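Participant: The opening position of the sequence shown corresponds to residue 19 in my numbering, with each subsequent residue numbered one higher.
Rather than coming from a laboratory, the hints here were simulated on the basis of the structure.
Hints are not guaranteed to be accurate.
Stated by the list, open to error - Pair ranges (Cβ atoms, derived):
| no. | residue 1 | residue 2 | range |
| --- | --- | --- | --- |
| 1 | A505 | S162 | 21 to 31 Å |
| 2 | Q528 | A498 | 38 to 48 Å |
| 3 | E187 | L69 | 35 to 45 Å |
| 4 | R400 | L379 | 17 to 27 Å |
| 5 | P94 | Q346 | 44 to 54 Å |
Quantities reported herein were computed from a predicted structural model and do not represent experimental measurements.
Every residue, glycine too, gets a C-beta built ideally from N, C-alpha and C.
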Amino acid sequence: MNARKRGGRPRSSDAPRPAPPSARRAAALTFARIPAAPPLLLWALALGFLLRAAASLTHVHGVWGLDTLRPWPLAPALAVLALGALGFVPPLARLIERGLDEVGALWERGGLAVDLAVAAGVALALYRLRDPVMFTGDFSTRVSQLVLHSPVAKVFPQVSPLDRWINIELTRWLVGAHLLEVTPALHLVGALVGFGFVLTTLAFARAAGAARAMLPAAAAVLLGGAYLIHFSGYDKFGPLLLGIALASLGAVRLARTGRGALVLGFGVAVCVLSHRSGFALLPAAALALVQAWRRAEDARARAGIGAAAAIMLAPAIAILPRAIHVLQSVDLLQNLPGAPQGGGPPLYGIPDLALRATDALNLLFLIAPLWLAGVAAAWLARSAPPPREARRFPLAPAASLALGAELLLLLVVRGAQGVARDWDMHVAPALLVTLVTAYLLIVVWQGIGAARGIAPAFTTAIACAIALWGIHVSEPIGIARVGELLANRAAWSDAAWARAHDFMGVRALQQARPVVAIAELEAAISAAPNPRFYFELGIAHRMLGHAAEARTNIEKAHTLDPMLSDPWVGFALLAVDARDFAGAVIDCDSALAISPHRGDAKQIRASALNAMQLMAQPSSPFH
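Let's have the full structure, built from the sequences with the hints guiding it.
Facilitator: If you want it as structure tokens, here you go:
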């Protein structure tokens, strides 16, 4: 029994000894005495933030990667900017860094359990936060394809195996099993892939050496880019992003500890199976494996490296013929320089190169908001101390090769709908830029030795993420964003500008706003006449009761493309309006002869047949 339990005074050896006043003062001042953040890094963060604030508060065309707060109402936009600025105010920055340090210490002790909780929370948000506009890429087309049960080979001939299995076939199974409707099913699939992505990126931060305050700060940097939005219902490139994160995690572990070859190989295999652009990572992954082979300690390590090489090469060889076919049949026609159906300027001269470079900068600011800080960190990391873990080989050669390949794609590839709308095609290069940025920031923060300098990166990343998610989840802000983009006519080709107006016109039709639809569709036709646009314009006039104008435009669509099924559906609707149900059945048969999958034609035909049966009854009101 000790002295306290016997009721006596505790012995001096049992009681904690208070620290002398000098020690307490030293502990209180420790945080203030650590080295300050490098000025170059702070200036890079401040420059990116100021450029974003200036672009959002002024009306300057051509900076669509920076002006993500411009479509916001003024007061909330200023509040978001104020949040981002907190990290640059020294007294507030120190408070933020202390808080991050405390949170990071708990996070570090929690380990995988906290990572799982964070990933689950993000996945839940990805499932719940819906995009009511669906302007990005072919999001709306994917939804329509699933609703109408259109054949994948016809609508998306370029789709890669993992994209098809995960985002189309799995979603169709969920819908076919009556578990979910199309949109919730897409969000569930994207959230599940997003869960794996978040968990992998957090593991990447830990493998890079993030600890204490660096953990939440690195998480904000890694999850603050626009690519995370891509998991919220769309997810076309979600498997590719997961593959890049896995490959990066494996490369860091392999370079630092000699383990991670299988993760690297598996990640590259996922990339190759997810999208043809995944082939761009093969040279860098091969270089990392060669470097690891040279430093391998024993036959077992070399066996793992050989297995990793087989894992990534087998699917690449198997899918290479299809990738070449898609390159020839799709990319050369739409997405690469000189493409006749889109793809931007041909990249032959300096003006074209300057335009593409401007687009690339906008894409980086939009999708990888802190890339300027990564450039500064790369310069500072030259003299950084070596990592705490054993270093097997330098990552710089493989990372530079991967970045070079991805940045080349960023400069060369362009979507037929315009780069401001098809920005989703560039999430892979931007993610790799962000991963390298986060890694270099962690190296610089480790060199500082404490939490100093983390606050500006954290608050800037959070502010950028809020701006992007506001556009994603708010219909008024999203529509205003589209209007801002379309106002800069010089940034669009005629075909891309017309397709954007057509998107807005179809959306207005779906919302039963025919007057708005007519204005949008007439703008589309004025830029690039298209038989589908005339059909939609005819449907808009039909909604207003303008039968003559409706028939004129639908006939124009049929004349321009006799093999288009849309006009026959339009003729069927006009026949139903005129109570010519037999004619409606004939028109629907013509539409189904061209497109057997059309659900709307089947529905109109069934309704017309039902009306004919009612008319044949003696007691019918039609008699």
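Participant: Does each hint fit the structure? Answer for all of them.
Facilitator: These are the hints, each one checked on the structure:
no. : hint                    : verdict
1   : A505 / S162: 21 to 31 Å : holds (27 Å)
2   : Q528 / A498: 38 to 48 Å : violated (19 Å)
3   : E187 / L69: 35 to 45 Å  : holds (43 Å)
4   : R400 / L379: 17 to 27 Å : holds (24 Å)
5   : P94 / Q346: 44 to 54 Å  : holds (48 Å)
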